[in-house]
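Q: Here is what each chain is made of, one letter per residue.
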Amino acid sequence: MRPLRLTVNGDTLETAAPAHWTLLEVLRYRLGLTGSKQGCDKGDCGACTVLVDGRPQLACLTLAALAEGHAITTIEGLMPLHVAAGGDGPDPVQGAFDRCGALQCGFCQPGMMLSARALLNRNPCPTRGEIREALSGNLCRCTGYTQIFEAVELAVAESLGVAPAPRAWEEQRMKPAEAQEQARRAAAALAAARERNDGGPGARS
Amino acid sequence: MKLEPRAVPLQDAPPKRKVKTTQVVNGIETEVEIEVEDVPAGQWPPRASLRVLNHDIPRVDGPVKVSGAARYTHDVRVPGMVWARLLLSPLPRARVAALDLEAARAVPGVVHVLVVEREETGWLGQPVAVVAAETLEAAGDGLRALAARFEPLPWVVDHAAAVREGAPAVGRGANVGRPETDGDEARARAALSASATRVRATYTVPVQHHASLETHGVVVDYRGGEDAVVYCSTQYAQGFAAEAAKELGLKAGNVRGVVEHMGGGFGSKFGLDAQGLYACRIAKELKRPVHLMLDRRAEFLMSGNRSGTSMTIEAGCDAQGSLTGLVAEAWKHGGLGRGSLSGLPYCYKAGAHFRDVRSVRMHLDASRAMRAPGHPQASFGMESILDELAYAAGLDLVEIRRRNAAHPAWVRQLDRVAREIGWDQHPHRTQPGKPDREECIGIGFGISNWGSGGSSDCEAEVRIEKDGSVVVACAAQDLGTGTRMYMAAIAAEEFGLPVAAVTARLGDSRLPTGVASGGSVTTPSVAPAVKDACTRARGAFAAHLAQVLGRSAEGFRFGPDGVRHDGMTERLAWSKACGTLPAEGLSARGKWQESLQTRGVRCTQAAQVAVDPGTGRVRVLHMVCLQEVGLALNRLAVKSQIQGGMIQALGYALGEGRQLDSALGLQLNASFEEYKIPHALEIPRMTTLIDDDDTRNGVAGVGEPPAIPGASAIANAVHNACGARVRELPITPDKVLLALGKVV
Amino acid sequence: MRVVVARSIDAALAALASATEASRILAGGTDLCVEFESGRTRPDLVVEVGRVAELRFVRETQAGLEIGAGSTCADLLRSAPVARGADLLALAAREVGAVQIQNRATLGGNLVTASPAADLVPALFALGARVRLASLAGRRELLVEEFVTGYRATARRPDELVESVVIPPRPAGEHRAFHKVGTRRAQSISKVVVALALGPRGAGARIAAGSVAERTLRLATLEAALARGLARERLAQAVAHAVALDTRPRDDVRSTARYRRAVLERVLVRVLGPWLEPEGNAA
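Chains as they are written, first to last, in our numbering: chain A, 10 to 214; chain B, 1051 to 1794; chain C, 18 to 300.
One chain only, chain A, in its complex shape:
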C-alpha cells in the first residue's frame, strides 16, 4: 500500500493503493468514480480516457503514482469544471453528443467525450480528419461513429456561432441545393476561424 494524493476534477483526494495500481483502478475501486469505464484494461479501447493536465491519457496505462501532482479530469468533472469556468450547464461537447444521438449503449462515451474535449482545447476548429485522428483511440461498437463526428462538429459550429454542416441524418429531409449551401457556409466559417486561430497565439500547441 502506498498513500496517494490526487487532484481529481479540482478536488484533492487522499487514498492509498498498491504500488502497481493504475489510475483507473484507483478511480473505480478507491474513489468511487465509475464514469471512467473499464473495457479492456490494456490500452486498446479508450473507454477509460481521462485528461491529465488537459491531455487525453488512458487511465488503465497510467500508474496512479505518476498522476500525483497533475490535474486529472474525469467525465464526472466535465460539467462542474465547465460551470466553474463560467459556463452554463453541461460542457458543449456533452450537449452536442446528447442532441446528435452520438451514443447508444453509452459505454464508450465518457472516454470519447474527453478525447473530443481535449481536441477542442488545443484546436478549436478541427477538420473532420483531425476529429477522426483525435478519436481514433476510442472504440465504439454501436453507433458507426458518424453521429459522433457530427456531434463534435456541432460543438465546434456552436462555439463559432454558425449553423453546422447538414448532418447525415438531416440530409434526407433537405433539398440538395439547400444542403449544399449550408455545408458551404459552414465550411467557409470554419476555414475563416481556422485562419484566425492559426495566426493567434497558443491556438495550437
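No lab work stands behind these hints: they were computed from the structure. All of these numbers come straight from a predicted model, not from anything done at the bench. Watch out, some of these pointers could steer you wrong.
Computed list of chain C residues with no C-beta within reach of chain A, every gap over 10 angstroms [said to hold, decoys possible]:
id : residue
1  : Gly-46
2  : Asp-176
3  : Glu-191
Which stretches of chain B does chain A cover? Using the computed rule of at least three CB atoms under 8 angstroms from a CB of chain A, they are [claimed, not checked]:
id : region
4  : 1101–1115
5  : 1525–1534
6  : 1695–1704
7  : 1733–1741
Covered stretches of chain C (chain A as the covering partner; in silico rule of three or more C-beta atoms under 8 angstroms from a C-beta of chain A) [stated by the list, open to error]:
id : region
8  : 58–69
9  : 115–126
Glycine included, each C-beta is placed from N, C-alpha and C at the ideal position.
Based on these hints, arrange chains B and C on the given structure of chain A.
A: The following block gives chains B and C in isolation, referenced to the frame of chain A:
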C-alpha cells in the same frame, strides 16, 4: 369542481383467438402459434399527423449518459460485496492436473474458492475455478495461488482436424452433424446443367465476436433470507432473474433483475451464463453479495460468437441473367454449438435449388445469436457468387440483382442506392478493373432482410398522476438502441405532451412483462404494448372526464394544446385535467397488438472502396444504405442503429475473425489489440437513408438488416476495383495480394 | 515488489545500482501496466522515472540533436527542432498508438522495450542515432544498432538508464522517408515499417526495417548496392535480393512472412525509385 375518488378498472379480459406467426426467440426466428386478444385492432396515427414520432428525438437518457452518471453493472457497488474472478482452461481440452486450493484459500482476503471443473476441460476458455475475495486484487492473487496445471488432451479447433478420420471426439456424438437439406437436388443439378452460364466457388467466413464494450457480468445482491436483487448486463432482465432465482433456491418472484444501463450485447447476453451461475452459488454459500465481471480475454473466449461457415456454391443463369439453379454445400463452425446459416439462395429467387448444411463441432465455446444470426454468412456466399456469375456472363452487377431479387422492394432500393453511389459513372459495371494504379476504385452491392416480429406476451403500463406527470413502464431493457426514449415518445404523442414530461421505466423484472431483446424484437414488442396502454389510458381518462364534466366520453381529444371536447370550444390544460383525478391517479395496462407492428424489413447497401494493389490495403470510401423501417419511432436513433450495423459489417469484411493456433490450442487475438473492430479512421462517408416508400404504418425492429450485406458489398467492391477475388473473410492485405497473384 | 519513485537522474541511478535482470524501469507505463494487469510481470524492483524532468528535453548541440529519453511521442510531435533535425522520428511518433498513447509512451521506453514491431526504433536506425546510457559506474554511448541486440533485448545493463539519444546533423541533400504498413492507421501494430535516409547518388544510405525479423535491422545488402550507384532499372531486382538476404520475417497473428517480404519490397521500390538515376546517368 368536486370529485369523488374512484378507481378506474381495467377492462375485462377480452376473448382470445389463435394465430400463427414467426417469432424470434433469443435471436433465432421460429414459427409459433400464439393467442391474441380478439379486440378491435389498434392503429398508429397517420404519419402526416405525427408530432413527436418519426422525427429526430434526443434520447431521454442522453443527459445521464453524457454526464457519466449512468450506472452499468460493472459500476454497481453494494455493501459487503465480494469480488470474484474466473480461472479458465488455457487449452481446448486438458486434464486438470493440479489445483492448489489450500494455497488459494490462504491468500489474505480470499473468502471462497469454487471449483467448477475438477477432471477434464472440453473447450478453450472453459471455467475451471472461481475465487472470491474482499478485493479484486486479492481475488487475482488467489487465482495465481491456485498454480493450476493442465495436461493437454487431443483437441480439434479447426475444420480439417475435426472431420479427419479418427479425430478426437467433441463431446458425445459425431463431430459432423446430420445434414440439414432443403430443395430438390436432381432438379437443381439438371437446371445447372442446362444454364447458359455457371460458376462454382467456395467461400469462408470466420467466427466473429460480438465485442460489446461492456463485458458480461453480474452483481448478485443476496445476503441470506428470501429475496435477492441481481444487477446484470443482460438482454433479458426477467429471464435472468428467473434463472438466478432457481440457482439461489428462491421463489421466482423474489429475485429482482435490474439492468439500468448496459454496454451492448448484440445477441450474446440472453442467459445467466456460467458467470451468473457461479456468482449465485458463491452468494448463496457466503450469504454475501458477489461482483463478477468477465475481463476482456474471458469475453473473447467464453461469451459466444457468430459461427463461421465454409460453403461451396454452384449457381447458373440463363442468357438474360435469371438464376436457373443453385446448389450449396455448407459447414457451420459453431464450436460446441450448432452454428447458424440462413437459407441459400439468400434474398434472391433461383429457379431450382438444393442445399446441404452440416455443423462441424470443435473444442471451442458454443456460438450464440449474433446480430441477424446466419444472415451475414449466407449473404457473403450469395452476393459473391452472384457477382462471379455476372462477370462470367458479362452482365451489369445491378441488373443481375434487380432481375433476381425475391421482392420488388429491393428493385426500387437497388435503383436508388446505385444512384447514390454513382454506379452510372463507374467504369467497371460488367468487368472488374485492373490492378494498374496505386488506388483502384471499385463498387459492390448487397441486399438483406429480417423478419422482425414482436412478442405477443409483452405488456406495458401507463400511470397518469394527479400532478400531471406520466410514467410508462415495461420490464424490457434498453441495450442502447433507445427503448426508453421511444416509450416516452409514444406516450408524449398520445397525450399531446412534450417528451420530457414523460418518464419511462424499464430494465426491471418487476415491471410488466417485457421481452428478450434480440433479433430486433424489442421495438415491435414494446412499442405496441405501450401504444395500447396509452390508448386504454386515454379511454379511461376520457370516461373519467365525461363523468366530471358531464360530456360524452367519445368526444375527448388529447393534444399539445390540452384536452378538448368536440362539443366544447374551451380547452382544459393537461395539468388541470389531471388535477381532477383521484389521489392514486390513473393507470392502464396494455398488451402487444399485431396490428401495431409490421414484419419483413428489407435493406440494400452499396460500398465504394479504394484498393492499393501494391500493399493490398483496402479503404472503404463510401457506404450507402437504404432500409425499410415501417413506422420510424425516432429517425435519429434509427439512423444510428443502421450506421452501427454497417460499420460492424465493415469490421467483418476487413478485420474481424477469430484466429486460433491449432497446434498450441490458443486464440491469438483474444484482445482488442489483435481483434480489430473498426475505429474512427476507418469510417467511410455514410449515406444512410430510411426507405420512406415503405408506407406500412406499423413498427418494426431495425437493428439486424443493416449488419448483413455490408461485408458482401465491400468484398465485391474489392474485386470490382482490381480483380482480387478474396473468398475468405476478413479481406486482409495479404489475401488481396495473394488473390492478385502478387505473392507466392 | 519494491517501487522507487525517482525525481532525478541521480536518484534513479542510485536505485538502479541494486537492480537485477528481473527489475524494470517504468517511464510512461504503456507496456509495463499491461504486464502488471495480466500478472505476467512481478518485478523485484520497479524504478519509476516518469516524473524525472531532466529526462524530458530536446536540445541542439555540437554533436547534433539530443533528445531526452523521457520525451513522449507527443513531445516529439510538437517539437520544432525534432521536425527539422529528426523528421523521421516525428513521423514515426505519429504512428504510435492513438493520441492517448502518444501522450504517455516515451522514446526511451520504445527503445528499451526493443519490440521488433517498434515504430520509433527504425527511425532511430535510419537517423544514425547514438544512445547515451548512464549508471553509477559512468556513462557510455552506443550506436543504436549496437544497442538493440535481439528480440526485446538490448545492450543495457540492469543498472543502466537510457538518458538520451543523439541524432547527428542532417547531411546536405539527404533524402529521408518513413512508411508504415499496419492493419490500418492508428492503434495498430505494424506489419512492416520502413525508415530510410539516402545521400546523393546513394551515398551513406541507411535503410531500416521493422517487423521483418526478430529485431529491427538495416538492409546492408541494399545499402551496399545503393552506395555502388544502383540504377533505377535495377532497383526492383536489388531490393528483392536484399530482402531475401537480410530479412527473416515470420508468420504471426498480424500477417504472413510472404506478405511482409512482398510489401517490404514494394514499399522500398516505391520510395526509392524516384530518387535513383536512370541507367545512363548512374555512376
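Q: Run every hint past the structure and note whether it holds.
A: Evaluated hints:
1. Gly-46: violated, 5 angstroms
2. Asp-176: holds, 21 angstroms
3. Glu-191: holds, 29 angstroms
4. 1101–1115: holds (count 7)
5. 1525–1534: Held - the region 1525–1534 of chain B has 4 residues with a Cβ nearer than 8 angstroms to chain A, which meets the minimum of three.
6. 1695–1704: This one holds; 4 residues, not fewer than the three required, reach chain A with a Cβ under 8 angstroms.
7. 1733–1741: This one holds; 6 residues, not fewer than the three required, reach chain A with a Cβ under 8 angstroms.
8. 58–69: With 4 residues in contact (Cβ-Cβ under 8 angstroms with chain A), the coverage given for the region 58–69 of chain C holds.
9. 115–126: It holds, with 6 qualifying residues against the three required.
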